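Student: Using the sequences and the hints, build the whole thing.
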Amino acid sequence: MDEKAIIEAQREAYRTNFLVHGDSPLGTYQNNRVTQYIRFETLLRQIMPHVGPGTSLHDIGSGLCDLYQFLRERGLDGDITYSGTEIVQEMVDLAAAKYPELTLLNRDFLDVDISDRYDFVVLSGTFNIPGGVDGESWKAMCLALIDKMYKHADKGIAFNFLTSYRTFSNPDLYYFDPREIFDHATTNLSRFVHIDAAYPLYECSVTVFKNDYISSLYDHPDLKKYF
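Using the numbering used here, read the sequence shown as starting at 1 and increasing by one per residue.
Keep in mind the hints are simulated off the structure, nothing from the lab. Please note: incorrect hints may appear among the correct ones.
[As the list claims (entries may be wrong)] Here are the in silico distance ranges between beta carbons for each label pair:
| no. | residue 1 | residue 2 | range |
| --- | --- | --- | --- |
| 1 | P171 | G52 | 40 to 46 Å |
| 2 | S215 | P53 | 19 to 25 Å |
| 3 | E180 | P53 | 35 to 41 Å |
| 4 | R74 | D2 | 36 to 42 Å |
The structure displayed is predicted, hence computed values, not measured ones. Note that CB positions come from ideal geometry on N, CA and C, so glycine has one too.
Tutor: Structural data, given as C-alpha cells:
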C-alpha cells in the first residue's frame, strides 16, 4: 500500500472515531486521561532538561492538542512554543477553537518541506492503530515518519509505540519490537538514543538526540574523539 492510501486510511479511522466520541480521550483512541498523561510524561521526560524559553516543539498527530493541555496544566507552556500537525480537519478545527494561540496545520507531515524546523519533534500514539493497513506497509510508513521527524528537528525527537513485549495482543493494534526500533535509530539517525519501558503501559518511549546537539553539550577537548 502506498503512502497516500495509508494516510487516507488513517484519516478515515480517526475521523470516524472522533465524530462518535468527540472532545474526550476516547476521541483520539485513548483509554482515559490517567494513562494518556502517563504516556505524555514519559514521552517528554528526556526532553524537558533541554527546554528553555523559546524552545519549539512540534507535535505530529496532534489530535485535539491534549499534549498542549498537559503542558499548560504543568506550567510548561511558557517556555515551549507548541505547534501541531494533524490529518483530520475536524480535529484541527476543534483544537484551534480551544487554543487560538496555536499554529495547527492540517497536512501529511511526510510531504512537508525541510525548511520547517523545530527544536524538538514529538509523536504520541500515532503508531498504534494501523486502521486496516497491512503490517509491512504500516511498519515502513512508521519508520519513514521517524526519519522525517529527525530531519526537521534541530535538537531531537521523541515518540512512543506499543511493545512486542506484552501479555496480550489486539489484532487492531500494531506492536514494534524495541530492538528493531533501537537498531533503526542508531543505524540511520544517531547513537544518542534513550528507550524507556519503565512505566505501567505496554509500550516504549524513545528519545533520539541529534549528534551535533549532543556534541555542543560536551565540548571538552577530551571528548572530541567521541563525535
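Student: Each of the hints needs a verdict: does it hold here or not?
Tutor: Hints and how they fare:
no. : hint                      : verdict
1   : P171 with G52: 40 to 46 Å : 44 Å, holds
2   : S215 with P53: 19 to 25 Å : 23 Å, holds
3   : E180 with P53: 35 to 41 Å : 37 Å, holds
4   : R74 with D2: 36 to 42 Å   : 40 Å, holds
Consistency with the previously given hints is maintained throughout, with no hint failing.
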